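Student: In the working numbering, the protein residues as written are 1 to 246.
Treat the hints with caution; some may be incorrect.
[Said to hold, decoys possible] With a straight-line cut-off of 30 Å between C-alpha atoms, the simulated DSSO-like cross-links for lysine-lysine are:
#	residue 1	residue 2
1	Lys232	Lys106
2	Lys236	Lys222
3	Lys47	Lys106
4	Lys106	Lys236
5	Lys53	Lys106
6	Lys222	Lys232
7	Lys205	Lys222
8	Lys222	Lys206
[Unchecked claim] Each pair of labels, with its calculated beta carbon distance range:
#	residue 1	residue 2	range
9	Gly148	Ile199	35 to 41 Å
10	Val239	Thr202	30 to 36 Å
11	Ser207	Lys236	40 to 46 Å
12	Glu146	Gln11	41 to 47 Å
13	Ser209	Gly54	49 to 55 Å
14	Gln11	Asp103	33 to 39 Å
15	Asp229	Glu147	25 to 31 Å
16	Phe196	Arg79	32 to 38 Å
17	Thr43	Ser207	40 to 46 Å
18	Glu169	Gly108	45 to 51 Å
19	Gly243	Ser209	34 to 40 Å
Since the hints were made in silico from the structure, they are not lab data. Note that the structure is a prediction, hence the values are computed from the model and not measured. The beta-carbon is built from N, C-alpha and C at its ideal position, and this holds for glycine as well.
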Amino acid sequence: MNRIDGRRADQLRPVFLERHFQMHPAGSAIIEVGNTKVICAATVEDKVPPFLKGTGTGWITAEYSMLPGSTMPRSIRDRGGKINGRNTEIQRLIGRALRSVTDLTKIGERTITIDCDVLQADGGTRTASITGAFVALVEACNTIYEEGNIFPVTDFVAAISAGISPSGEKILDLNYSEDYETLADCNVVKTGAGEFVEIQITGEKKSFSRADLNDILDLAEKGIDELFDIQKDALKELVWRVGQIS
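Please take these sequences and the hints and turn them into a complete structure.
Tutor: Structure representation (structure tokens):
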């Protein structure tokens, strides 16, 4: 199969990931996956939702939005507290992914909010958001970490898409045009320990077999393992903190 950008079936788009992108948040990162670009900012607040008050446990939540110029035609902003269904689904996914690798008892009664704002969309915005948000989370946790304690982030987490092309070939990291044409597409979230947080797969134009699913997951795991290396490179001197016991 000849992909529109000349990539192999199992090849990621070029990925650029840089932390400390903004000066004000406790943690921040920009991630570029091909033409998709997302800013991820982590803010720490000394408060928790009512159901966690007095428990000594913190919380991680996420907000996701696509800026008006990120798509053609123009994306409409969420207004007046009304968030469209797609954005709600994605920000909940980001929150679940980050909480899966964080010991919330180690951040105290604090809330870490990760804002993921899509500057430019060309497929894979939710998976790019998760991958970039993890880096922002580690940076934010480092600002509240006290030496000798257990670091709150216990493992890596990243995400990627994969699917079945119109010709039936399994392909990794779909851009928008590939996602639009795909027979089945899948978003996979996985931890560094090799465990899955979420698998979202849909037969867009036809059903798929168990063998197809296995092939797609194998492909996604390969891509996510490569993303872990990119996250580690972006974190630099903070990388050893992840999973640190004391």
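Student: In this structure, is the beta-carbon distance linking Ser209 and Gly54 contained in 49 to 55 Å?
Tutor: holds, 50 Å
Student: Please verify whether Lys232 and Lys106 have alpha carbons no more than 30 Å apart.
Tutor: holds, 22 Å
Student: Can you let me know if the beta-carbon spacing of Ser207 and Lys236 is within 40 to 46 Å?
Tutor: holds, 45 Å
Student: Checking one constraint from the list: CA of Lys106 to CA of Lys236, max 30 Å. Satisfied?
Tutor: holds, 22 Å
Student: I want to verify a distance hint. Is the separation of the beta carbons of Glu169 and Gly108 within 45 to 51 Å?
Tutor: Check passed, 49 Å falls within 45 to 51 Å.
Student: When you take the CB atoms of Thr43 and Ser207, is the distance between them in 40 to 46 Å?
Tutor: holds, 43 Å
Student: Please check whether Val239 and Thr202 have a Cβ separation lying inside 30 to 36 Å.
Tutor: Given about 34 Å between the Cβ atoms, the range holds.
Student: CB of Gly148 to CB of Ile199, is that within 35 to 41 Å?
Tutor: At roughly 38 Å between Cβ atoms, Ile199 and Gly148 fall inside 35 to 41 Å, so the hint holds.
Student: So if I understand the rule, the pair passes when the alpha-carbon distance is 30 Å or less; does Lys53 with Lys106 pass?
Tutor: Holds - the C-alpha atoms of Lys106 and Lys53 are around 15 Å apart, at most 30 Å.
Student: Per the hint of 25 to 31 Å, is the separation of the Cβ atoms of Asp229 and Glu147 within bounds?
Tutor: Because 27 Å falls inside the window, the suggested range holds.
Student: Tell me if the straight-line CA distance from Lys47 to Lys106 falls inside 30 Å.
Tutor: holds, 14 Å
Student: Check whether the Cα positions of Lys236 and Lys222 lie no farther apart than 30 Å.
Tutor: holds, 22 Å
Against the hints set out earlier in the document, no violation occurs for any number.
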